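Okay, here's what each chain looks like letter by letter:
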Amino acid sequence: MEENQIQSDALGGTDQEIEELTGMARDEAIIAQQERIQNEIKENNPLVSQTYPINVLCEEYLDDPVYKAKIDDLSMQYSHIRKTRGDGNCFFRAFGFAYLERLLTDKKELSRFKAAAEISKDQLVSLGFPSFTITDFHETFMEVIQQVEKQPVLDELVDTFRDQGISDYIVVYLRLLTSGQLQKEAEFYKNFIEGERTVKEFCRREVEPMARESDHIHIIALTSALGVGVRVVYLDRGDGGKVIPHDFPEGCSPQVILLYRPGHYDVLYPLKGS
Amino acid sequence: MSTPARRRLMRDFRKLQEDPPAGVSGAPSENNIMIWNAVIFGPADTPFEDGTFKLMIEFTEEYPNKPPNVRFISKMFHPNVYADGGICLDILQNRWSPTYDVSAILTSIQSLLDEPNPNSPANSQAAQLYQENRREYEKKVAAICEQSWQNL
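As they're listed, the protein sequences go chains A and B. Residue 1 is where the first sequence starts when you use full-length UniProt numbering, and the numbers rise one by one after that. Residue 1 is where the second sequence starts when you use full-length UniProt numbering, and the numbers rise one by one after that.
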């Protein structure tokens, strides 16, 4: 099944009806149509999907030799992909899911991470974040880690990440940790922020609000805040016919592997034995 | 049914009762926790002093990840408040952060009263008078303050 495509003919008739409307009625019809499209994306794309074999990607790039060659290359090293919904939070959601999935079977890393996550709230509060609201997100975040500890079952984790309320709380907390790291090391990160904005201003506009897309700077900050290495594999139109991996931080042994296509992150699973 | 939004709104309410900020108050409506009524008292030593302004706050299940919709129910005369009571304030739009709560929203609106931003006018007459004829501006504000007592 192709998940990311919206059934265009399902909306076709509505377009014509809108053409015939004027003024307020037309505005309302357009808003209603946008809501229907949003709802279709929601219905057809769970926040995190099941896993698919890599070649499911080919369906999205029929007649596109550049992508086809690169998908072939990708399948030499990776067996599966787990898709995330394209809602502007995909990096944080994909990262959060992939890392917690790893913790299902890595007890040592789990206990390191749990201890670090436990004290992260006080660190954020000491950076000036409001304790009252931080506590709310932190509690949910810790509940999910406890769930991973007590019930290390993949299906349970998938359900948790598909529950919009909990899933978004995890995303918010990861965004706050990213913001905290950027502000803690503001002297360093200010060099990577375009324009005249301060690090704090950047965090308020580009990091903390939901649905703001992630860039390298978000990835670098989050991976160093958590001490977790991430490999991002780039699948795009660039020359060379091969997908290009990039590790954050450089030289790490990655615990999470993500696929990047322009504007979107999904989770990748390596071939067994590679 | 408890959702993160509803759980969080209960907490916001509890915090407002236990640790109320000066000059603002708010509570969920009787039968719907997603719709709140709030009151902001005009700050002392400003043209809004003695005004008691009612607001309505509508939350969605996406709160606190998305801001609520906030508007004045009482008549308002202010450069950043639209005729329908809607408020032009960055933290309620593109600078919203999930770390804000109801108390932060209400205190931000309270400080907006005496610190308008004439660069993004929602009421052009108010913005113009604020910049060009402060005396007339204050007269108009005094009038809506007085009106605000009649509709309590």
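It is worth saying that the hints were derived from the structure and are not from the lab. A quick note: this is a predicted structure, and the numbers were derived from the prediction, not measured. Positions of the beta carbon are idealized from the N, C-alpha and C atoms, including for glycine. Don't take every hint at face value.
[As the list claims (entries may be wrong)] Straight line, CA to CA, 20 angstroms or less: simulated EDC-like cross-link-like pairs of lysine to aspartate or glutamate:
1. B/K66 <-> A/E35
2. A/K42 <-> B/E61
3. A/K272 <-> A/D106
4. B/K66 <-> A/E213
[To be verified] Derived, one-sided and incomplete: chain A residues facing chain B with beta-carbon distance under 7 angstroms:
5. F129
6. T133
7. D136
8. D168
9. Y169
Verification of the hints:
1. For the suggested pair B/K66 and A/E35, the alpha carbons sit about 16 angstroms apart, so the restraint of at most 20 angstroms is met.
2. Among the hinted pairs, A/K42 with B/E61 is consistent with the structure: their alpha-carbon atoms are about 15 angstroms apart, no more than 20 angstroms.
3. Only pairs whose Cα atoms come within 20 angstroms are accepted, and A/K272 paired with A/D106 is accepted, the gap being roughly 17 angstroms.
4. Straight-line distance between C-alpha atoms of B/K66 and A/E213 comes to about 15 angstroms, which keeps the hinted pair within the 20 angstroms bound.
5. Because the closest C-beta pair between A/F129 and chain B is about 6 angstroms apart, less than 7 angstroms, the hint holds.
6. Given the 7 angstroms rule on beta carbons, the hint for A/T133 holds: about 5 angstroms separates it from the nearest Cβ of chain B.
7. Residue-level restraint check for A/D136 holds (minimum Cβ-Cβ distance to chain B is 6 angstroms; threshold 7 angstroms).
8. Contact between A/D168 and chain B, as hinted, is supported at the beta carbon level, the nearest pair being about 5 angstroms apart and thus within 7 angstroms.
9. Hint on A/Y169 holds. Least Cβ distance to chain B is approximately 6 angstroms, under the 7 angstroms limit.
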